[in-house]
Structure formats: C-alpha cells, structure tokens
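Enquirer: Join the two chains, each given in its own frame, into one complex according to the hints.
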Amino acid sequence: MLIFFSPNKIGLPDAYANLYRIHYCSDFSEWEVTKTVPLAFIIDGKDAQYVNKMINKIRRDDVVFASLCFVTELPAALDNQLLDGQLPEPSALQEKISDVEDLSKSFKNTETYITPQGRLIKYLWLRTGFIIQPQREWKNSRYYRYTLLEAFNEDTDDSFAWLRKLAVAKILEPVSLIDRQRECTHCRSAHLSFIDICPNCFEIDIALQPSLHCFTCGCVDAQDKFLHAGMLKCPKCSTHLRHIGSDYDRPLENYQCQSCNHAFSEGEIRVRCAVCEKSMKPDELVINEIQHWQLSDRGRVIAFRGEVFDLSSGFDQLDFISKELFVHDLDWMMVLSHRYKNISFSLFGIYFVNLVELVDEIGHTRLLQVMESFAQRLRNLLRIPDLSARTAENMLWLLLPNTDKQGLAGFHKRIEASMNQLMLESDHKLIYRFGSISSDQLSDQEDAELLLARLSGELL
Amino acid sequence: MDPFLEAWYVFRLTIAQYSELQYVLMLIPFVLFLELPLYLVNWLGVLRYLYRKKNDIPWIALYSPRVTCTITCYSEGKAVQNTVLSLLEQIYPGHIEIIAAVDGVKKNLPTYQALKELLPLVKNYANRSLTILPKIQRGGRVSSLNAGLSRAQGEVFFALDGDTSFDNRMVSSAVSHFGNPNTVAVTGPMRVRNAKSTLVTRLQNLEYMLTMQVGKLGFTQLSAINNVPGAFGVFRKSFIQKIGGWNTGTAEDLDMTLRIKQYHVRYPELKFVFEPNAVSHTDVPESLFDFLKQRLRWDGDTWYIYSNKHKSGITASVMGWKNFIFLLWYGVLFQVIMPFSIVIYTFYMAVMIPTHIFLLSMVLVYVFYFLLVSLQYVLYLILLSDRKLEDCQAFWVLPVYPGFQFIGRVWSAVAILNQMFNKGHLDSAMAPLWVLKKGKQ
Chain A
1 MLIFFSPNKI
11 GLPDAYANLY
21 RIHYCSDFSE
31 WEVTKTVPLA
41 FIIDGKDAQY
51 VNKMINKIRR
61 DDVVFASLCF
71 VTELPAALDN
81 QLLDGQLPEP
91 SALQEKISDV
101 EDLSKSFKNT
111 ETYITPQGRL
121 IKYLWLRTGF
131 IIQPQREWKN
141 SRYYRYTLLE
151 AFNEDTDDSF
161 AWLRKLAVAK
171 ILEPVSLIDR
181 QRECTHCRSA
191 HLSFIDICPN
201 CFEIDIALQP
211 SLHCFTCGCV
221 DAQDKFLHAG
231 MLKCPKCSTH
241 LRHIGSDYDR
251 PLENYQCQSC
261 NHAFSEGEIR
271 VRCAVCEKSM
281 KPDELVINEI
291 QHWQLSDRGR
301 VIAFRGEVFD
311 LSSGFDQLDF
321 ISKELFVHDL
331 DWMMVLSHRY
341 KNISFSLFGI
351 YFVNLVELVD
361 EIGHTRLLQV
371 MESFAQRLRN
381 LLRIPDLSAR
391 TAENMLWLLL
401 PNTDKQGLAG
411 FHKRIEASMN
421 QLMLESDHKL
431 IYRFGSISSD
441 QLSDQEDAEL
451 LLARLSGELL
Chain B
461 MDPFLEAWYV
471 FRLTIAQYSE
481 LQYVLMLIPF
491 VLFLELPLYL
501 VNWLGVLRYL
511 YRKKNDIPWI
521 ALYSPRVTCT
531 ITCYSEGKAV
541 QNTVLSLLEQ
551 IYPGHIEIIA
561 AVDGVKKNLP
571 TYQALKELLP
581 LVKNYANRSL
591 TILPKIQRGG
601 RVSSLNAGLS
611 RAQGEVFFAL
621 DGDTSFDNRM
631 VSSAVSHFGN
641 PNTVAVTGPM
651 RVRNAKSTLV
661 TRLQNLEYML
671 TMQVGKLGFT
681 QLSAINNVPG
691 AFGVFRKSFI
701 QKIGGWNTGT
711 AEDLDMTLRI
721 KQYHVRYPEL
731 KFVFEPNAVS
741 HTDVPESLFD
751 FLKQRLRWDG
761 DTWYIYSNKH
771 KSGITASVMG
781 WKNFIFLLWY
791 GVLFQVIMPF
801 SIVIYTFYMA
811 VMIPTHIFLL
821 SMVLVYVFYF
831 LLVSLQYVLY
841 LILLSDRKLE
851 DCQAFWVLPV
861 YPGFQFIGRV
871 WSAVAILNQM
881 FNKGHLDSAM
891 APLWVLKKGK
901 Q
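Chains as they are written, first to last, in our numbering: chain A, 1 to 460; chain B, 461 to 901.
Chain B on its own, in the form it takes in the complex (with noise of 0.2 Å):
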C-alpha cells in the first residue's frame, strides 16, 4: 500500500506545487499530439456521416448487377457451410455466383466435403450458383482470390473469407454503391462472431467496434480508408482485373489498398466507400497465444508492406496529399512510430522517475484510456450499433480494454522488431513459403 499512498501524497502535492508538474506534462505527448486528434478527426467523419445520413435523400439502387463471391476456404472444415448459406440467403434480386476455393485439398478435405453436401441445396435458392474450386497445389490465399478472380462472370467481386459470414442484406447495399462508375471498393463494419467465448474474444469484440465500425465508418467519410480487409472487400472486378489481381507475398490486403490509392492523382474520383449495412461477421482468436500470433503477423505484414513493398510508392505525388498525410499519421505515426514511443517512454519513465510517480502515471494514463474508451463506446452504442443489445454485453470488458490495448501496443513493437530481423513475413499461414518467396523481399 505504501507506494499508492505515496502516489497520492505526490498527486496532491503536485496539484498543489507547480514545480512538480512536469512529470504529469511528460504525459501530454504521449496522446495529445498522437491519439487525440486522431479519435476527433475520426468522429468528426461519424458525425458527418450521421448528419448526411439524416438529411440526405435515400438513394435506392436498381443497380442489381451478376456478383461473384469467392471464398477462400483452407481448413474451416463444417464452419464454411455457414458462410456459403448466409451467400445463399441475401436478399438480392440479380445473380450470385459463389466460388469456393479450397487452397490444398488434400489436406483439407473435410471442406470440400463440407461444401460438396451443399451443392443439392444450391437448386432450392434462385439466381444462386455455387463452383467448388478444389486446388491441389496449395498456393495460399492471393492464388485462391486469383483463381476466382479468373473465373467470375460478376460485375462485382467479393472477396471473402471462409470464417466469415454476412447479414442478409449485405451484397444489396454492397453493390448499390457500384452503381456510381467511380466506385472501385467497399467494405463494411466486421462484427465478432465468437464474441461470447472467451475473455480474449470479448475484448477483441470491442476493438471491432471501435476500430473496425467507428474507425473505418469515420476515416472513409473523410476520403480515407486505412485497408479493405482481406476478409471481406468487395470490388469492381474489370477494375481489379486492370490492376492485375492481387499480387503475391503476405498482406495482400493491405497492398491491395495501397495499390488502389496509388491511383489517386492520376484518377482522383476513383472511391472507397464504408457501407455500415454491409455487415460481417468473423471469428477471431480465442486464445491470448493465437491472438498475439495474429497481431504478430498483421503487425508485421504492415511494416513489411510500407517499408519494403511500398517504399517508393508513399509519396503525395502519387497518392494526393490527403491520402499521403492520412497514411504518414495512421498508418507511419500511429501504427509504427507509436508502438516504439510507447514502449521507450514506459521504460524512460521506469528508470528515470520515482516508482511511486511513475505508478501514478500509469493510474493517470489508465484512467484517461478508460474514460477515452468509455465514452466512444457510449457514442458507438448511442449513434452508430445496429445491434445495441448485444452490444451492451461489452460493457463489462471495458475496465479490462485499456490493458488489453497497451499489452497490443507493446506486441505491435515486437511484431514491427520480427518483420525487421526475422523476415516474420515469410512466416505466414496465408500462403506456403515458396508462394511468399517470390514475393518482393
């Protein structure tokens, strides 16, 4: 107790000697300059969104185009049924043409057999196809997009993951916004399907939320959107195919993004729109362990992809100078610079300062991390959760998230230090080493 007593002590003393108060300031770069303006410039975009959604007119489509899903199914085995079906269920008037592609079907037959007891039940749905695409040859997730890619007769691509399935009116909203020729991607809010398993996937459920709905739903207002995921990105495929499909090596998702934004000079009306209505939804690690092996390799694919692949391509003359300085905050600043500040800052204050005042530092930057959390989560609750009531379940996690969120500022660090000095991005489970190999090192 003696410390937090001490803290305490210090604490008043600090409010009541300004001479102290420079280890409370030591604190202020820390969020002010990075986090802050990054969550205000975000909910400045949800209110805008909001206030349009309010007061502009509803814009119906009768753009119902043939669409292509592919799903990219590995070893999902029985769960890969829920995603074709929840395919087969959308409330759309044209055609879906479903491509399931089994990377290395030798190994994963339990998903081919999955998917083969499907097909009777295709016939019952109308303007529905299913193709299963077994591949022998496992060539990882980019050979899979790109074989479907080659075989859609769609105007529009969805690409799909086979641990992910969608709300029913997915593919309509998905593809109304096609109806505009400028649109050349669309995503939509990722919810958590395995929410209630464990400690870990509730957390991450509210990281979803905040990252995946709010984040992405306020950044695209603004005309900048940090990354169509892999697991659910819809495109307008004789856009794709112009570009070349999807290019090999690990984060094709990512590099697929950068690549569209590249184009951003030379054809400034080309879009990215966040649809909120198209909603998926995913499985996510239930494990700390697989969580942390995860991030490992989302963390470190982005440094992979900045650093190596894209070097030469993050410049405003060819992206535009919005998308340049979105991409130097978020995704330099924020995803990279920051992970490192942190880490060295807590270790800085650790050894420098006294471990009492460092502890109440640390109570300081908990307490403004949860209020910071809580009241985004009230305002996502309030304004923008199409599921309120399952979203309050993730009220309890809250006191937990801001812990959950340092230990994965801290992993990001080490995933970045990995990607550096291990080449963590030839390890990989999207694709086999000799696929990543060929990729730029």
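Looking at chain A on its own, in the form it has when it is part of the complex (with noise of 0.2 Å):
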C-alpha cells in the first residue's frame, strides 16, 4: 500500500494504481488516525511549503521515520536530506521498496530504535551510502544545519552536540570536510563581525594615515604636511622630495588612531558576535570543522546486531587514565627508577584475544556480565597508587609503582587466580595473554612508547 499527501485532492497515475493499493489523504492527522504502515509514502510536490510540514511529521512519527518518502516534484526550496527524491517510474518504485524491505528485515529491531541514536542508525541503514549533510541558511544563528538530525533528535536544540557524540561513539564517520567555521565562544553563533582597533587604547575610531618618510633627514609625517603647490617637500629639511624610492618612501606604520594619535601599522582585530553581542579576539574563537557524515562499520554492526559489544561499559570502574598521561607517567618512573636503584615497579599488560568474536558465542549481555565481574576482580587487586589504561578495545595496562620482581611473581599469580574464576564463567572460550616486566629488567636506551610497543608486540 501507499500512501499520497495531497492538498487538492489529485490522483496518482494508473501505472502507479496497478501496483499498489493507494489511500489518499489530505493531511497528516488524517493518516493518524489509522496509522496504517505504507511502503512508502508519496507528497504532492506542488507546494513546498506542504511538503516540509508533511515530511517533517513523517519523520518525527515513533513508527513510520524511517519509511520512503517519495514526491510528484521536486520545488527547488526544499530539503532533499529527509526526502528519498522524486517519485521514480512504477518499476523503479518497486525495486526500491524491495531494496528497503530486505534491508530492514536484517535490522535488528531491538528496543534500541526508540532512542534517537537507534532511529538514525535505521534511517541510515535502510538508505545505503546515504551522506548526512549540512544546509547553509543565513538566518540560522549557527548558519550550518542538519535538519535530518534535528528531526530525529526532538530532544536537544543543538545537533552539534549530538552529532559530537554520534562521532565519538563512533556510530558516524566523517567523509569530507566541507568548510571550517569560526564560531562565538559563547553563543556559538557564526554570525561574527570583525573590527580593527587601536593597540594603545583600543578605540575603534582609527584611520588610514597616508604618510611619507623623508630619506634625507629621517623625517616621518602625514603626506599633508609634505605638499607644497604640486610638490613633495620635506617639512623637516626642505629637500624636494622627486622620486619614490630614490627620494623617500611610505613608512610602514599607516594608521593613525584619532583618540590617542598612536601611529601603528597594523590595527589589532577583535569580533564582535551579532546574537548575543559580546566580544572576544580571533584567536578565541571555536572552529567548528563542518562535515560530510555516513554511517560508520560500527554503526552498521549496531544494526544488524542491535547493540555493539563495548568494553568500555564493563571497565567503566577501573579509571583508566588516558594513554598519553599513562606514557608520561611510565617514563617519569623509568627515569626515577634509573636514578634511584632503590625505587622499583611493574608493568602489566593484559590481552583478550577473542573478545569480539565471543560475542557470538555467549552474546553481549553475559560477556557484559564476565567482564564486569572481571573488572570488579581486578580492582580489588589493584592499590591505589596503581594506574591503568586502554590502549585498545582488548588490551589493558596497569603500572604497578614499588612492584620488584618477586611482588610481581605474586600479582601474577593473583591475577591469575582470579582468570580461572573468569574462564569458568565464560566456558573456557575467553583466549587471553599477559605480559609483564620489573624495572630491573629495563634497558637504559628504552622509553616508555619502545617499552610499551615491545610488549604489545609480543602479546599480539
């Protein structure tokens, strides 16, 4: 069945009404009151103004967002981002709704979809290649928008925001850069006007000085002051200035303020934000890189498999710190440890070989579980002074300070201890590698990025 979006009551081609089933309806609250799930949707294109509101409520309704949205034309003042094009000829039309039907029978429609994120992986999914861009519109404060975004998501006025998150969690992926915007620290308005002031006392009202330096006596003055009936002469030494660059030159200083008459050759800049008025120099400003967006690998496995399996969620209690801190940290205790033979530690490293593929076997809500428990484990072995950090999905990293050789014999075998419980709860199936070195066992020539890709370099 299809459903047609029509003001005035206009009817499809037959060609179209061989094929399907079509209901027509004039508007939105119309359709709602049955709620029927079409193939696709269809908007009379005559009116743009019609076609935005309607579309707009397409994709902002908890069951049909995602479905093909087709209109009878294309008025140029319309947002192509939530609409799949011009209604194609019967044949096309139906290759299309079969293309959507196979692709959303690989969806895995878990409850995710209800969130926003889970509705704009499926808009995704079920459009593949599809590219989520920006539109330019002058009256919007930010001036780049993205409106499929600002459908899906209802909830915050900032897709920015939203789409940093999306980016960071790696469900987007950037696929070109399209323009780098300057954006008010404080409203994040693009709407910036720039102004040259003073560097003496920051007034706005300066001027272009044109001046003269005379090579004869050194003298520097407003050009004014040098013409004399026709002629340049100096007011200083009163040689007839003839030839530019023979007789005298433009000094570089070339703006005068009118407040305080400091003479300078470049104004200092500052911008003032249109909306919300403040002002702020140039090197405050916040770039926003704005970009062209898809639908990442991850994003991908997300909708095929309803959830994707994150480490992260299951450490979230160890406090990893980040991996350029921890290099830091692991440096200073290799230099502090060089110096003071009495100043020992350890570094551990842990590697699950096959975790994402354990995903399959046991499923992502108990391999969730072990890790928890694993990680809860852990941190009961783990003094406070210790440190740890991810370098990747699978591989952990704990510095253990005042750790000799025979204190990390004993947290292996600990650690090891604690591995059995964990092989038990995931049936054997968990594959994992531990390496480890003291600081006694350092080469003086190493530093912490060597140290850790050697280690690393056997794990793998």
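Take these hints with a grain of salt, some might be off.
[To be verified] Restricting the straight-line Cα-Cα distance to at most 30 Å, the calculated cross-link-like pairs of lysine-lysine (BS3-like) are: (1) Lys-566(B) / Lys-576(B); (2) Lys-566(B) / Lys-236(A); (3) Lys-225(A) / Lys-513(B); (4) Lys-236(A) / Lys-848(B); (5) Lys-225(A) / Lys-566(B); (6) Lys-595(B) / Lys-897(B); (7) Lys-513(B) / Lys-236(A).
These are computed hints drawn from the structure, not numbers from a lab.
Expert: What follows is the structure, encoded as structure tokens:
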C-alpha cells in the first residue's frame, strides 16, 4: 500500500494504482487516525511548504520515521535530506521498495530504535550510502544546520553536540570536510563581525593616514604636511622629494588612532558576535569543522546486531587514565628507577585475543557481565597508587609502583587465580595473554613508548 | 714618442708656415658646417626657454582629467613594480588609470606575477586603478600600446616602458599642457637610472643629459622636436585614436612623431611640447655589447623610417618648411650622412696624409670635442640641471666622452649599412618577426 498526501485531491497515474493500493490523505492527522504503515509515502510536490510540513511530521513519527518518502515533483526550496527524491517510475519504485524491505529484514529491531540514536541508525541503514549533509541558512545563528539530525532528535536543540556524541561513539564517520567555521565562544553563533581597533587605547576610531618618510633627514609625517604647490617638500629639511624609492618612501605605520594619536601599522582585531553581542579576540573563537557524515562500520554492526560489544562499559569502574598520561607517568617511573636504584615498579599488560568473536558465542549481555566481574576482581587486586590504561578495546595496561620482580610474581599469581574464575564463567572460551616486565629488567635506551610497543608486540 | 714629437713639430710648423694650414682647414667642414650650427641653434632655444621661464607669468592649470598610463611590459620582472609604484605615487588630483600590458605572458610569468602582487596595494591610493592586460600571443610593443589605447578611458594617454620610472610631478606637469587644446604630444627629459653601474652607463648618462635634456628642450622651443621617445610619450588620446594608433613595424615612436608632423601644413596649430619637469628615469644597457646592439637597432630604424616608411612624407608641402629643414638637417644630415662622412673622412685622412699629421688632426678633433662637450655640460649644470649634485658625477667621464661619441658615430654608419643591406628592422626585440613583416617593407 502507498499513501499519497495531497492537499488538492489529485490522483496518481494509473501505472502506480495498478501495482499498489493507494490510500489518499489530505493531511497528516487524517493518516494518524488509522496509522497504517505503508510501503512508501508520496507527497504532492506542488507546494514546498506543504511538503516540508508533511515530511517533518513523518520523520518525527514513532513508527514511520524511516519510511520511504517521495514527492511528485521537486520544488527548488526543498530539504532533500529528509526526502528520498522524486517519485520514480513504477518499476524503479518497486525495486526501491523491495531493497528497503530486504534491508529492514536484516535490521535488528531491538528496543534501541526508540532512542534518537537508534532511529538515526535505522534511517541510515535503510538508505545505503546515505550522506548526512548540512544545509546553509543565513537566518540560522549557526549558519549550518543538519536538518536530518534535528528531525530525529527533538530532545536537544544543538544537533552539533549530538553529532559530536555520535562521532565519539563511532556510529558516524566523516566523509569530507566542507568548511572550517569560526564561532562565537559564548553562544556558538557564526554571525561575527571583525573590527580593527587601536592597539594602544582599544578605541575603534582609527583612520588610514598616508604618511611619507624623507630619506634625507628621516622625517616621518602625514603626507599633507609634505605637499606644497603640487610638489613634495620635506617639512623638516626642505628637500624636494621627487621620486619614490630614491628620495622618499612610505613608512609601515599607516594607521593613526584619532583618540590617542598612536601611529601603528596593523590594528588589533576584535570580533563581535551579532547574536549575543559579546566581544572576543580572533584566537578565542571556536573552530567548528563542518563535514559530511555517513554511517560507520560500527553503526552498521549495531544495525544488524542490535548492539555492539563495548568493553568500556564493563571496565567503567577501573578508572582508566588516558594513554598519553599513562605513557608520561611510565616515562617518569623509568627515569626515576634508573636514577634511584631503590625505586622499583612493574608494568603489566592484559590482552584479550577473541573478545569480539565471543559476542557471537555467548551473547553480549553475558560477556558484559563476565567483563564486569573481571573488572571488579581486578580492582580489588590493585592498590590506590596503581594506574591503569586501555590502549585498545582489548588491551589493558597496569602500572604498579613499588613492585619488584618478586612482587610482580605475586601479582601474576593473584591475577591468574582471578582469571581462572573468569574462564569458568566464560565456558573456557576466552583467550587471553599476559605480558609483564619489572624495572630491573629494563634497558637504558628504551623509553615508555618503545617499551609499550615491544610488550604489545610480544602479546599480539 | 716619435710620431708625437713629429706631430708637435709639424703643428708649430703649420702655425709658422701658412702653406701647411690646409691640413687644419680639412677639419673645418667636418664640424663647422654640420655640428656647430646645430649646437648653436639648440642653445639659443634653451636660452629662449630660460628667458620665458623667468619672465612669463607661471600658469597653474586647473585641468586634471582622467588619464591613462599604458605600460608595455615584457621581461622586466620585479623591476616593473617600480614603474607602477612611481605612477601610483604621482601627485595628481585626477584619476590615473594604469594599464600594464604584459606581452607574451606565458613566457613572462615573473612580470605578470610582480604586477599581480601590486593589486592589493592599489586600493590604498585614492583615484588610482591598475588593470593588468595579459597578452597570450606575443604581438610586440605596438600591439601592447594599441591594446592599451583601445581600453583607455582617460583623456590623456601615456605610452610608457616597463623599465622606466617617473618623478612624482610627471603626470601633473605633462597634463597641464593639454589644457591647451592644440597640444597633441608631450615628452620630458629622460634620465639614466643605472648611471653608477658601469663606465658605459656613465657615458650614456652624460649623453642623455646633453641630447635628451638639452637637445630636446632647445629644439622644442623652436617648435621642432625630433622624436617623442617610445619609453616616455604623452599624447592626447582623441588625436591618437583619430590617426589610428601606432603602426606596426619597428621604431613606432619615430613613425608616430613623423606622422603627427605630417599634419603640420593642414593643422599648423598642433603642438609638441617638451616639459622639463616631467622627468623619467630609465635603465640603459650596461655592457658595451648591449649598448651597441641597442644602437644598431635605433640607428638602423631611423634609416628605415626615413628611407622607406616616410619616403614620400618628408616634403615641405606636407610637414611645412620649418619641420622639413629641421628634419633634413638633424634627421638626415646629422643622423644619416654625418656618420658616413666621419668614417670616410677619417679613413681618407688616415690614408692620404702623413701619419703624424693624421694623429695631430685627431688630437685636435679630440680637443675640440672635449671643449665643446665640457662647455655644454657646464652650461647644463648651471642653467638646467634639476639634480645638480647627482649630475656633477658625470664630470669624471668627460675626457672619455669624445671617444665614446666617435664610436657611436662609426657604429651609426654600421647600423645604417646593416639596415640597407640586411633588413635590420626585421631583427628587433620589440616585436616578433611575423608582426614586423606586416609593416611596410
């Protein structure tokens, strides 16, 4: 069944009516009475405003948000991100509908699609190769708008922030950079005005002051003071200045402040936001890179698997520090133990070989529980000064200060014991490797980066 | 030393014995009939100018129309920026439209780039505009000038060279003459910008002072200008357009001057003006070889124009008696016949009279020219020079100058012969061969 929205009660050509049952509605509320899910929506494209109203309602609906939507004709001022284009020939329409049906069969309809993120994934999953593009709108304070993101997430009015979250979660990936926009620090508006002001008193009243520099006596003054009866004559030494470059030139100081008389070559630039009217320096502006986006591999995995296994949620209680900080601290420890022989430390690496494959075998909920209980036990093993970091999804690093060779062996035994428990819980299917080194085994030439690279090389 | 001692002996003998004076008399037609009167007339013109300058009421023109400066650029590179900058810096209340025509732009990209670098600078100047005219097909200097002419919006058209820069009063002092509706062309003194580079440029510097400054000033006072130079000529645009712009072929500047002169009988009121305050500075060849190459073209072209292009135009009925006599005297006699007579005369003397007497005559000739040049130079320094301190530097090359002049004259003869038998006008750096061939052969 197709649903045809038209304000003027016109019909579709017979070619379509022969293939599909067509239900005519003049308004969205008329459809809402029955809420039958059609194969596709078709909207009468005569009136752009009408199309906009309809399409926004469809995309915001809980059930049909991802349905195919065509227009009979494409008005110029239309947002193509929400539409699937012009109504194709009946045969092409059939093809498109069956494509979408296939894709929606492979889409795993868990509860996730209730969330805006799940809806977006479904929308993108059903449209292979869809590129999320921003629209330029000068009336908008951000100038760029992602209308698709706005339609799917009505909870937030900042679709850029949501986009950032989606990018961090690696659901979307950038395709191409289209603009690098400077935005107001305070309100993120892109409507900025740049003014040059006096660097001395910060007044705006500055003027270009043509000046001359006499080579004979070095006098620099306003050009007017040199002009006498159609000739240039130095006001100080009365030399007749005839030729630029040989008698005189223009000094670099070309601007003069009208309020403090300061002469300067380059004014200071201030930015004034047209929306919040605050003023700032150009280097304080926020740089917003405007990009085209598409569904990432990870996003596609979520689409057909319902959820992707994410170690980070299982290890949340471990208080990881960033890799950079970990490397920095490790470096410091290495320097320290090299200088003071009584200071010792150990580095311990845990590598899970088949974590991703395990999702299919024991299910992600179960695996998450296993990992959570492992993290719980690991936390009990660690002391307060111990540091932990994660350099990959399945690679953990522990930095254990004041732990020599003996202490490391003890730690190894304890973690081995807790691993046995883990093996039981995962039906002995989890494969893991340990790698460790204590400070007295270190070579002088190595630094933290090299050490980590060497150890992870042994583990992989 | 023997020949010199002998020469000195003969000199004394000549003074003592009237019969030997014939040798000295041989020198008289050499200079007396050809050169001295010319210099005399020239300096009378200068004196007339000085008298007028002192006694005439200074006339301040309120006339400042939009003017167009067309710069013909070729391989000047960065140096072209000086030219444009000196035009931007003009003290002139009217609009100066600068058109820089880059000929054969693909080959001369550095020049084009140098011009493009200036574009942002132009905005800082009120009433100045810069248009860059990249010409992909090389068409020569004439084609650049005509291209500039067809786009020009100013009333006064400046035809300028890319290696020439100007004093900041150039435009205003040149334009002031166009307030008189009869003025059709203005030129001004050309000074040598790279005088300090080599001995050859120093010598040319002195030559420019005496010919381009004194010579042109004097002759214009007598309403007889020999040439409006290509590197710096100012014209009334409407007039130039009426006579069809520049004509193809080499020495387009002399051709233009002669064509304007040929209007003299029909329009006797048309005027050429030399404006001493419209000073231009140009680069001259630095090596003797380049200098000779330049003169080979200049002097050869002169003959080409006189003997070929304007063969039938040089008559008193077309250009008037004054112009005709001046042209015969200065153009034909001085520039064409004299080089040959000097060569033949010197050769004749060297062969026919005893060596010691020949040497003596040469010494006499040298002393005569040295005195003549020195006198002119001192007069110029005192009466005319606008940069006295700078011009004093030329004092040191005075002793060498007569020799330089002699080489120049001999070379003129070579150039004319080259033109006569070798069609030298087809070998010019000013335009490609296919363009030159389209000119009258």
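Enquirer: With reference to the structure, classify each hint as holding or not holding.
Expert: Evaluated hints:
1. Annotation: proposed proximity of Lys-566(B) to Lys-576(B) holds, straight-line Cα distance about 14 Å (limit 30 Å).
2. Straight-line distance between C-alpha atoms of Lys-566(B) and Lys-236(A) comes to about 48 Å, which puts the hinted pair past the 30 Å bound.
3. For the given pair, Lys-225(A) sits about 28 Å from Lys-513(B) by alpha-carbon distance, which is consistent with the 30 Å threshold.
4. Taking the CA atoms of Lys-236(A) and Lys-848(B), the gap is near 21 Å; set against the 30 Å cutoff, the hint holds.
5. The straight-line distance between the Cα atoms of Lys-225(A) and Lys-566(B) is roughly 44 Å, outside the 30 Å bound, and the hint therefore fails.
6. Distance hint between Lys-595(B) and Lys-897(B) is fulfilled; the C-alpha atoms sit about 20 Å from each other, no more than 30 Å.
7. The suggested pairing of Lys-513(B) with Lys-236(A) holds, with an alpha-carbon distance near 28 Å, which does not exceed 30 Å.
Going through the hint list in order, the structure does not satisfy hints 2 and 5.
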